[in-house]
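Trainee: If you read the sequences in order, they're chains S and H. Counting in our numbering, the final residue of the first sequence is number 114, and the numbers go up one at a time with none missing. Counting in our numbering, the final residue of the second sequence is number 129, and the numbers go up one at a time with none missing.
The hints are simulated quantities; they were obtained by calculation from the structure and are not laboratory data. Values in this document were obtained by computation on a predicted structure and should not be read as measured data. Fair warning: there could be bad hints in the mix.
Below, in silico cross-link-like pairs of lysine-lysine (DSBU-like), each with a Cα-Cα straight-line distance of 35 Å or less [said to hold, decoys possible]:
| hint | chain 1 | residue 1 | chain 2 | residue 2 |
| --- | --- | --- | --- | --- |
| 1 | S | Lys15 | H | Lys62 |
| 2 | S | Lys10 | H | Lys90 |
| 3 | S | Lys10 | H | Lys71 |
| 4 | H | Lys35 | H | Lys62 |
| 5 | H | Lys82 | S | Lys10 |
| 6 | S | Lys58 | S | Lys10 |
| 7 | S | Lys15 | H | Lys71 |
| 8 | H | Lys62 | S | Lys72 |
Sample of chain S residues at the chain H side, in silico, Cβ under 10 Å [said to hold, decoys possible]:
| hint | residue |
| --- | --- |
| 9 | Ala3 |
| 10 | Met28 |
| 11 | Asn29 |
| 12 | Gly41 |
| 13 | Arg45 |
| 14 | Ser50 |
| 15 | Gly54 |
| 16 | Glu60 |
| 17 | Asp63 |
| 18 | Tyr65 |
| 19 | Cys92 |
| 20 | Ala93 |
| 21 | Gln103 |
| 22 | His104 |
The C-beta atom is built at its ideal place from N, Cα and C for all residues, glycine as well.
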Amino acid sequence: NAGVTQTPKFQVLKTGQSMTLQCAQDMNHEYMYWYRQDPGMGLRLIHYSVGEGTTAKGEVPDGYNVSRLNKREFSLRLESAAPSQTSVYFCASNLVGSNQPQHFGDGTRLSIL
Amino acid sequence: AQSVAQPEDQVNVAEGNPLTVKCTYSVSGNPYLFWYVQYPNRGLQFLLKYITGDNLVKGSYGFEAEFNKSQTSFHLKKPSALVSDSALYFCAVRDTFSGGYNKLIFGAGTRLAVHP
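Here chain S stands alone, though its shape is the one from the complex (with noise of 0.2 Å):
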């Protein structure tokens, strides 16, 4: 049971360019999440998804674009990266229910240049 998957584990992107941050869940879950987690700043939701076809923004999502194509997968696009979105980056899933806890991937650790 690998839970939730992230790849790739690591990146180095030069300022501008593109990319996209993958992650799946095998558990059925409706919701899934996007973070970002910087030194001394907890994390701090950048997009969210409650279900198939449906994305909204969370805390930080400027410079940030999302996907959610169907239940398992929920991808992260950065069109042009900027030094400030250097960070490592997490995907969490959790099931339908406000007292559901949260399931971590672990990580896509992003530099860029």
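The hints should help you fit chain H onto chain S, whose structure is shown.
Mentor: Frame of chain S; chain H shown alone:
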């Protein structure tokens, strides 16, 4: 504004001693509270949650947390620390205005160091 505070950046404890990692929160209405642990180069792992009921909640790996409504706190505890408990710990509260999904507000994290 709704928020979570973890007042200690780092907690140091000797192996075998009890540990406490502090968390206070500010939300409207009844809080849904969570603790997560993060080991190096890994994602967050769920430890325990408080939704309603007993103020003392038991979770994974021998951890427990005490909900105190009057002090708006949800401190994480363990009676006897292990070196393997050394990790980064996050407290989180559900944003009560998040509607149909679980927006979590995370604290900044507390690094726990357990010394042999």
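Trainee: Does each hint fit the structure? Answer for all of them.
Mentor: Going through the hints against the structure:
1. S:Lys15 to H:Lys62: Violated, at about 41 Å.
2. S:Lys10 to H:Lys90: holds, 32 Å
3. S:Lys10 to H:Lys71: Holds: Lys10 of chain S and Lys71 of chain H sit about 33 Å apart, inside 35 Å.
4. H:Lys35 to H:Lys62: holds, 15 Å
5. H:Lys82 to S:Lys10: The hint is violated at about 40 Å.
6. S:Lys58 to S:Lys10: It holds: about 24 Å lies between the C-alpha atoms, which stays within 35 Å.
7. S:Lys15 to H:Lys71: violated, 46 Å
8. H:Lys62 to S:Lys72: holds, 26 Å
9. Ala3: At about 12 Å, which exceeds the 10 Å cut-off, the nearest Cβ of chain H leaves the hint on Ala3 of chain S violated.
10. Met28: violated, 13 Å
11. Asn29: Hint violated; Asn29 of chain S Cβ to chain H Cβ min 16 Å, cut 10 Å.
12. Gly41: holds, 5 Å
13. Arg45: This hint holds: Arg45 of chain S lies near chain H, its Cβ roughly 8 Å from the closest one there, short of 10 Å.
14. Ser50: holds, 9 Å
15. Gly54: violated, 15 Å
16. Glu60: Nearest chain H Cβ about 8 Å off; hint holds.
17. Asp63: Result: violated, 18 Å to nearest chain H Cβ.
18. Tyr65: violated, 17 Å
19. Cys92: holds, 8 Å
20. Ala93: holds, 8 Å
21. Gln103: holds, 7 Å
22. His104: His104 of chain S check passes; min Cβ-Cβ to chain H is 7 Å, inside 10 Å.
The structure fails to meet hints 1, 5, 7, 9, 10, 11, 15, 17, 18 from the earlier list, while all remaining hints are met.
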